[in-house]
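Let the hints inform the model, and build the full structure from the sequences given.
Just so you know, the sequences run in chain order A and B. For what it's worth, the working numbering labels the leading residue of the first sequence as 621, then goes sequentially. For what it's worth, the working numbering labels the leading residue of the second sequence as 621, then goes sequentially.
Rather than coming from a laboratory, the hints here were simulated on the basis of the structure. Quantities reported herein were computed from a predicted structural model and do not represent experimental measurements. Among the clues, some could well be false.
[What the hints assert, rightly or not] Quick list of in silico lysine to any residue cross-link-like pairs, SDA-like style, CA-CA up to 20 Å:
#	chain 1	residue 1	chain 2	residue 2
1	A	K635	B	K635
2	A	K757	A	K788
3	A	K635	B	Q658
4	A	K643	B	G659
5	A	K668	B	N665
6	B	K635	A	A645
7	B	K750	B	A687
8	B	K635	A	R647
9	B	K668	B	T695
10	A	K757	A	Y775
11	B	K757	B	S716
12	B	K635	A	I666
13	A	K668	A	K643
14	A	K668	B	K757
15	A	K635	B	A687
[As the list claims (entries may be wrong)] Pairwise CB distance ranges (calculated):
#	chain 1	residue 1	chain 2	residue 2	range
16	B	T717	A	A815	33 to 43 Å
17	B	S716	A	S623	18 to 28 Å
18	A	R697	B	G800	26 to 36 Å
19	A	Q658	B	T766	21 to 31 Å
20	A	Q658	B	V755	30 to 40 Å
21	B	G800	A	S732	45 to 55 Å
22	A	A718	B	G641	12 to 22 Å
Quick reminder that beta carbons are idealized off the backbone N, C-alpha and C, glycines included.
Number of protein chains: 2
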Amino acid sequence: MQSISLLNQLIDALKCLPGVGNKSAQRMAYQLLDSNRQGAIQLSNILKEAMENIGNCSVCRDYSEQAVCQLCANTRRDASTLCIVESPSDVLAIESTASFHGLFFVLLGQLSPLDGIGPEEIGMSVLANKLSDGVVKEIIVATSSTIEGEATAHYIAQLAHKNDPNIKVTRLAQGVPLGGELGYLDQSTLALSIANRNTLDF
Amino acid sequence: MQSISLLNQLIDALKCLPGVGNKSAQRMAYQLLDSNRQGAIQLSNILKEAMENIGNCSVCRDYSEQAVCQLCANTRRDASTLCIVESPSDVLAIESTASFHGLFFVLLGQLSPLDGIGPEEIGMSVLANKLSDGVVKEIIVATSSTIEGEATAHYIAQLAHKNDPNIKVTRLAQGVPLGGELGYLDQSTLALSIANRNTLDF
Numbered sequence: 621m622q623s624i625s626l627l628n629q630l631i632d633a634l635k636c637l638p639g640v641g642n643k644s645a646q647r648m649a650y651q652l653l654d655s656n657r658q659g660a661i662q663l664s665n666i667l668k669e670a671m672e673n674i675g676n677c678s679v680c681r682d683y684s685e686q687a688v689c690q691l692c693a694n695t696r697r698d699a700s701t702l703c704i705v706e707s708p709s710d711v712l713a714i715e716s717t718a719s720f721h722g723l724f725f726v727l728l729g730q731l732s733p734l735d736g737i738g739p740e741e742i743g744m745s746v747l748a749n750k751l752s753d754g755v756v757k758e759i760i761v762a763t764s765s766t767i768e769g770e771a772t773a774h775y776i777a778q779l780a781h782k783n784d785p786n787i788k789v790t791r792l793a794q795g796v797p798l799g800g801e802l803g804y805l806d807q808s809t810l811a812l813s814i815a816n817r818n819t820l821d822f
Numbered sequence: 621m622q623s624i625s626l627l628n629q630l631i632d633a634l635k636c637l638p639g640v641g642n643k644s645a646q647r648m649a650y651q652l653l654d655s656n657r658q659g660a661i662q663l664s665n666i667l668k669e670a671m672e673n674i675g676n677c678s679v680c681r682d683y684s685e686q687a688v689c690q691l692c693a694n695t696r697r698d699a700s701t702l703c704i705v706e707s708p709s710d711v712l713a714i715e716s717t718a719s720f721h722g723l724f725f726v727l728l729g730q731l732s733p734l735d736g737i738g739p740e741e742i743g744m745s746v747l748a749n750k751l752s753d754g755v756v757k758e759i760i761v762a763t764s765s766t767i768e769g770e771a772t773a774h775y776i777a778q779l780a781h782k783n784d785p786n787i788k789v790t791r792l793a794q795g796v797p798l799g800g801e802l803g804y805l806d807q808s809t810l811a812l813s814i815a816n817r818n819t820l821d822f
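Put into C-alpha cells, the structure is as follows:
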C-alpha cells in the first residue's frame, strides 16, 4: 500500500481555505514549491501564531491578540458613538469606509433562539455593562437586514432604552446601492427607498 | 506607533498564495478564525513540513519527499516508455488522464540560452544516464508548444538518437481541442489540424 505523499497531504490541507477547491489547491501547492518556499514557511509560522494567539477583545469582542484591541485602546476615537455589528469582518468593512470614528461592539452572531443563540451568546451582558457608565450617547445598530438581524436590532434597542431612556439608537440607511440599476433591484428594497426618500437641495 | 496586528500579518502572509489578493486573504483569515482554527493549524504544520522536506526524485526529477518518487519506485509501470515534461504539474495533468502507464522525466524548465538555462539545467546528463541502459524504447516529448518547448524537444530527440539510433521519439498530437469551436481557434492550430488530419474509419 502506498502512503499518501506529502504533496497530496499539502493539496488536501490547502482545501480548508474558503473558495479553494482541488484545482486551486494543486496550483497553490505547485507554485509555492516551485517559487516561493520562503513565503510558504512564513505563512505557516504566522498561521499557527494567529490561530493560537488571536482571541477576542474583552471590551468590544472584536478579534485581538491583546486583552483590549487597538481600536478600543485608541483614545482618539469618539467613545460616545457605539456601532454594533455581527462579526469582526463587519468592523473591517466599516473601518475601510473611514467615515465612522466611534467604537465598535461585536455580537459574534445574531439572536436565533432555535439554534440556541440567546442574549448571553451575543454578549448582551457585556454590552449592558459597557452602557451602564453613561458614556455612550448613540448606538448605531449595524446588524444584517435579515429577520434575525432585525430581531437582534430590536432587542438591543430595548436593552439600551431600559438602561438610558435618552440614548439615541439608529440603524443603517436602506435603499438603492451606489451604481445600482433600478431594474435589477428587488421590490422590497425599492419600496423602502421610496418610503425613505430624501429631499434634494438646490 | 501602532504595531501591525497579528490579523493583518496573517492577511499579508496569505497573499503569497497564487490568485489570492487582499479581499480573498481577508475572507480566508476571518473564516479560518471564525470556524476552522483546527484546519488552519493542520495546514500550518503540513505547509512547513512540505516546504522543508519535498525535494526532487533522483531518477525523474519530479517532486518527492523520498530519494526515489512513488512513480519511479512502482514496478508495475511500463519502464520502456518515458514521457518527458517541463514541470511537476505536467506529471499530475498527464496522470489524471489515466491513459499513460510509463514513467516520467521532468525537465524543470525549458532550454533558454538567453536566460542561462542550458542542457545541464534541464537535467540532460541525468536523462542521458537514464537512457544509457537501453530499457527505454520510446520517448514521448510532452514539452509546451512554444518556441522554447519545440527547441527543447528537438534537443532531446537528438540526444536520444545519438544514444540509441533505434529509439522511437514521439511528440503529443496537435489539433482541435475537444469541445473546441473552429471559429475561436487560431489559424496556426487550424492549419496544423488540417495537415495532420486523420482517416475516419467506417
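To see whether the hints hold, each was checked on the structure:
1. K635/A to K635/B: holds (16 Å)
2. K757/A to K788/A: Judged against 20 Å, a Cα distance of about 6 Å means the pair holds.
3. K635/A to Q658/B: holds (13 Å)
4. K643/A to G659/B: Satisfied, since the Cα-Cα distance of roughly 19 Å is no more than 20 Å.
5. K668/A to N665/B: holds (8 Å)
6. K635/B to A645/A: holds (14 Å)
7. K750/B to A687/B: holds (16 Å)
8. K635/B to R647/A: Since the Cα atoms of K635/B and R647/A sit roughly 14 Å apart, the hinted pair holds (cutoff 20 Å).
9. K668/B to T695/B: Violated, at about 31 Å.
10. K757/A to Y775/A: It holds: about 18 Å lies between the C-alpha atoms, which stays within 20 Å.
11. K757/B to S716/B: violated (23 Å)
12. K635/B to I666/A: holds (12 Å)
13. K668/A to K643/A: violated (25 Å)
14. K668/A to K757/B: Violated, at about 50 Å.
15. K635/A to A687/B: violated (27 Å)
16. T717/B to A815/A: 33 to 43 Å: violated (60 Å)
17. S716/B to S623/A: 18 to 28 Å: This hint holds: roughly 20 Å between Cβ atoms.
18. R697/A to G800/B: 26 to 36 Å: Given about 59 Å between the Cβ atoms, the range is violated.
19. Q658/A to T766/B: 21 to 31 Å: The hint (21 to 31 Å, Cβ to Cβ) holds, given that Q658/A and T766/B are roughly 29 Å apart.
20. Q658/A to V755/B: 30 to 40 Å: holds (39 Å)
21. G800/B to S732/A: 45 to 55 Å: Once the Cβ atoms are compared, 50 Å apart, the range 45 to 55 Å for S732/A and G800/B holds.
22. A718/A to G641/B: 12 to 22 Å: holds (20 Å)
Hint check: violations occur at hints 9, 11, 13, 14, 15, 16 and 18; the rest are consistent with the structure.
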